[in-house]
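Q: Those protein sequence lines, which keep their order, are chains A and B. Mapping of the first sequence onto our numbering: position 163 corresponds to residue 163, and the numbering continues sequentially without gaps. Mapping of the second sequence onto our numbering: position 316 corresponds to residue 644, and the numbering continues sequentially without gaps.
Simulated from the structure, these hints should not be mistaken for laboratory data. Here a beta-carbon is modelled for each residue, glycine too, at the ideal position from N, C-alpha and C. Some hints could be false.
[Unchecked claim] Pairs of lysine to aspartate or glutamate residues, derived as EDC-like cross-links and limited to a Cα-Cα distance of at most 16 Å, are as follows:
#1 A:K166 - A:E90
#2 B:K433 - B:E460
#3 A:K107 - B:E413
#4 A:K166 - B:E413
#5 B:K507 - A:E90
#6 A:K152 - A:E103
[As the list claims (entries may be wrong)] Selected chain B positions facing chain A (Cβ under 10 Å, derived; list incomplete):
#7 L346
#8 L509
#9 Q618
#10 R622
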Amino acid sequence: MTDSKPVVLHRLTTDENPGALSLRGIRKTYADVVAVDGLDLEVAYGECFGLLGPNGAGKTTTIEICEGLTPADVGTVTLLGLTWETSPVELRHQIGIQLQQTEFPAKLTVEETLRLFRSFYRSGLSLDESTEQAQLEEKRSARVGRLSGGQKQRLAMACALVGNPKLLFLDEPTTGLDPQARRHLWDLVDQLKHAGRTIILTTHYMDEAERLCDRVAIMDHGRVIALGTPQQLIASVGGDHIVEFAVTGGAAGDGGVNPALLTAIPGIQSHRVDAGVHQLSVTEMHTTVPRIFSALREQGLHLSEFRTHSATLEDVFVGLTGRNLRDE
Amino acid sequence: MNNLEESSLYQLTITRFLLFLREPEAIFWVFLFPILLAVGLGIAFRNRPADVLQVAATTPQLTAALNRDKGLTASTMDEAQGTHELATGQILLLAIERPGGVTYKYDDTNPDAHTARLVADRAIQIASGQREALPAQNQLVHETGARYIDFVVPGLLGMNLMGSAMWGLGFSIVEARQKKLLKRMVASPMPRWQYLMSFLLSRLVMLVVEVVVFLGFARLVFGVPFRGSLWELGFLCVLTSLSFSTLGLLVASRAQTMEAASGLMNLVMLPMWILSGVFFSATRFPSVVQPIVRALPLTAAIDALRGNMLQGMNLSQQVAPVVILFAWLVVPFMVSLRIFRWR
C-alpha cells in the first residue's frame with residue numbers, strides 16, 4: 001500500500017570538502033537493539049539540518065554520536081573537519097550542545113549558571129550578550145528553579161551558545177513546551193540561522209522541521225528513509241494536497257471502495273486506508289475533487305467524512321512507513 | 329575583568345559554595361547538628377557529685393541507721409510495699425530485718441543498686457558497732473580530659489567529618505548525574521578533573537569553618553583540652569575529610585538515583601557509627617573483630633583525633649592511624665577514577 005523508496009536529493013558536499021558535519025556508515029547497537037543502522041549524512045556550513053522521526057527512531061543516539069558523547073560501534077564522524085579521536089578538546093570549544101532534559105541547579109541564578117558555563121570556554125559571549133540573545137535579561141538574577149519551561153529551555157540554549165560555537169546541536173528543543181514558548185524558541189533559532197551558524201536539531205514535530213530546517217532527514221528504525229528540503233520531500237508524496245474521506249453504504253453495505261476506480265482518476269497520485277479513513281494525495285484539487293464525488297456516487301457510497309489539507313512532512317512519513325509519527 | 333573570575337576551577341568551586349549555602353538543611357547537619365549533639369551529651373553525662381540514693385527498711389531502727397549516711401535517704405515500709413517500690417524503681421534497695429541479721433533485697437545488675445548495697449551495709453554495720461580496721465582519708469581530683477565530654481568530642485568531630493564529606497560529595501554528584509547535568513558538563517570543554525577538584529577545594533574551605541566552630545564551642549563551653557599540636561590536629565582533620573571525600577566519590581561513582589546513593593551511603597556509614605568508637609571505646613568489641621574495627625577509616629580518624637587532643641600525641645606516635653587514613657584516601661580514589669560514570 002505504501003511506496004517507500006528512500007528519497008535522496010542533491011548532495012551539498014564532496015569528499016574533499018566535508019562540510020560542517022559528515023557521518024559515514026555509522027552503526028550503534030545497544031544489547032540486542034540496533035539504534036543506528038548504517039547512517040550516512042552530510043551537513044553543509046550554514047545549514048539548519050533536521051533529524052526527524054518518531055520516538056525510538058535513533059535520533060538522539062545519532063546526535064549524541066555527533067556530539068562525542070556516545071561512541072559509534074562502526075563508522076566515522078567528522079565535524080568542522082576534525083574528529084573526536086584526534087581533537088576532542090578543540091571540538092568541545094567549537095560546538096554548542098543542548099541536551100534533552102538537562103536540569104540546571106535550581107538554586108543558582110541565570111547569571112551564575114551562564115557565568116559557570118562561560119568559564120569553560122576560551123572565548124565566547126559576554127554575560128550581557130548571552131542574556132540578551134536568549135531574551136533572559138529580566139530573569140538574570142532569578143533562580144533557575146523559578147523559571148518557566150520556555151525560559152529554562154532558553155537558558156539551556158544560552159549555555160549552548162555561550163562559547164560562540166560554529167556548530168550547534170539541539171536535541172528536541174521544544175518538546176514539552178506550550179505553543180507560545182515554542183514559537184518564541186523558533187524565533188531564537190531563526191536568528192541563529194540568519195547569523196550563519198550551522199544547526200543540527202532533532203524533533204518529532206513535523207511543523208517544527210518544516211518551519212526551521214533547510215533540509216531534513218526522516219529517520220525510522222535507525223535508518224534515514226528520506227532526505228531533502230521540506231518542499232522536496234512534500235513534493236515526493238506526489239501531490240500538494242491530501243484528501244481524506246470515509247464512506248457508508250455501497251454494494252456490500254460495508255462501505256467497501258474499489259481503489260482501482262479512485263486511482264484511475266487523473267490527478268490522484270496514491271491511495272491508502274487507515275482505520276476506515278481513505279487518504280488520497282492529489283495534485284489538482286479543483287478538477288479532481290468533483291470526480292472523486294461522482295466515482296463514489298456511482299458505487300452507491302455516501303460520504304460520512306470529507307476533508308482536505310496541504311501535504312506536510314507528516315504525510316511524507318505516513319506515505320513512507322504506513323504509520324503515523326506518534327503511533328508509538 | 330580578572331583572570332580568577334574567568335577560571336573554570338574557580339567558578340566550579342564558587343558554584344559548590346553557593347549551592348551549599350542555599351541549602352538550609354545542609355547547613356543544619358554540618359554546622360548545628362554536631363553542636364546540638366555535644367550539648368545534649370554534655371548535659372546528660374555531666375560529671376556531678378554522686379546522687380543521694382533512695383533506699384527503704386522494714387524497721388525504724390534500720391531506717392535511722394541508714395539515714396545517718398549522707399549518701400542515702402531511707403524510709404520505713406513493710407516488705408510487700410518495699411518489694412513493689414523496688415519493682416517500680418522508686419527505691420534501689422530494701423533492708424529487711426530477720427531474726428539474727430538483715431537481708432538486702434536489690435538488683436545486682438544495676439550499678440546504683442550495687443553501690444546502695446555497699447553504702448547501706450556499711451551504715452548498718454557501723455550502727456551495730458563495727459569500727460574501721462584501718463584509718464582512711466580521701467583526696468579528690470577532677471581531671472579535665474578524663475570526662476565523658478572530653479572523650480566524645482573527638483568522636484563527634486570524626487563522625488561529622490565523615491558525614492559532611494560523604495554526603496557533600498556523594499549526594500551532589502549523584503544528583504547532578506540524575507538530572508543529566510553531569511552529562512551536560514562533559515559535553516562542554518570543562519576539564520573533568522576540575523569538576524571533582526572543585527568538590528575537594530570547597531570541602532577544604534568548609535572544613536575550616538566546620539572544625540573551628542565545633543571545636544571552639546567544645547573549648548569555650550566544656551573546656552575540652554587540646555594537648556597536641558594544633559597544626560597536627562588541622563592536618564588530621566584535612567586527611568580525615570579527604571579520605572571520606574574519596575569514599576563518597578566511590579559510592580557516587582555509579583549510582584544513578586538519589587535513593588540508590590543514600591542506601592549505599594548508609595550501608596557504608598552505619599557500621600562505622602557503631603564500630604568506630606564515636607560514643608564509647610572501640611576496644612569494647614571482642615578481639616576477633618578488632619582487626620576489622622581498627623581498619624575502618626572512622627576508627628583510625630577518631631583514634632588519631634583523641635590521641636592528639638586528649639593525650640597530646642604527635643604524628644610520629646600516630647603512624648598506624650595516619651597510614652590507614654592515607655590508604656583510604658588513595659585506594660577509593662584510584663577505583664573511582666576507573667569506574668566513574670559521567671552519565
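Q: For each hint, tell me whether it holds in the structure or not.
A: Status of the hints after comparison with the structure:
Restraint check for A:K166 and A:E90: satisfied, since their Cα atoms lie roughly 12 Å apart, inside the 16 Å limit. Taking the CA atoms of B:K433 and B:E460, the gap is about 25 Å. The hint is violated against a cut of 16 Å. Between A:K107 and B:E413, the direct Cα distance comes to roughly 59 Å. Violation of the 16 Å bound is thereby established for this hinted pair. Restraint check for A:K166 and B:E413: not satisfied, since their Cα atoms lie roughly 87 Å apart, outside the 16 Å limit.
For the suggested pair B:K507 and A:E90, the alpha carbons sit about 26 Å apart, so the restraint of at most 16 Å is broken. Between the alpha carbons of A:K152 and A:E103 the distance comes to roughly 9 Å, so the proposed pair stays at or under 16 Å and holds. Against a cut-off of 10 Å between C-beta atoms, the interface hint on B:L346 holds, since the closest Cβ of chain A lies about 6 Å away. Hint status for B:L509: holds, given a least beta-carbon distance of 6 Å to chain A, under 10 Å.
Checking B:Q618 against chain A by beta carbon gives a least distance of about 44 Å; that is not within 10 Å, so the hint is violated. Of the supplied interface hints, the one on B:R622 is violated, with its beta-carbon coming no nearer than about 40 Å to a beta-carbon of chain A, more than 10 Å.
In the structure shown, a violation is registered for the earlier hints numbered 2, 3, 4, 5, 9, 10, in ascending order.
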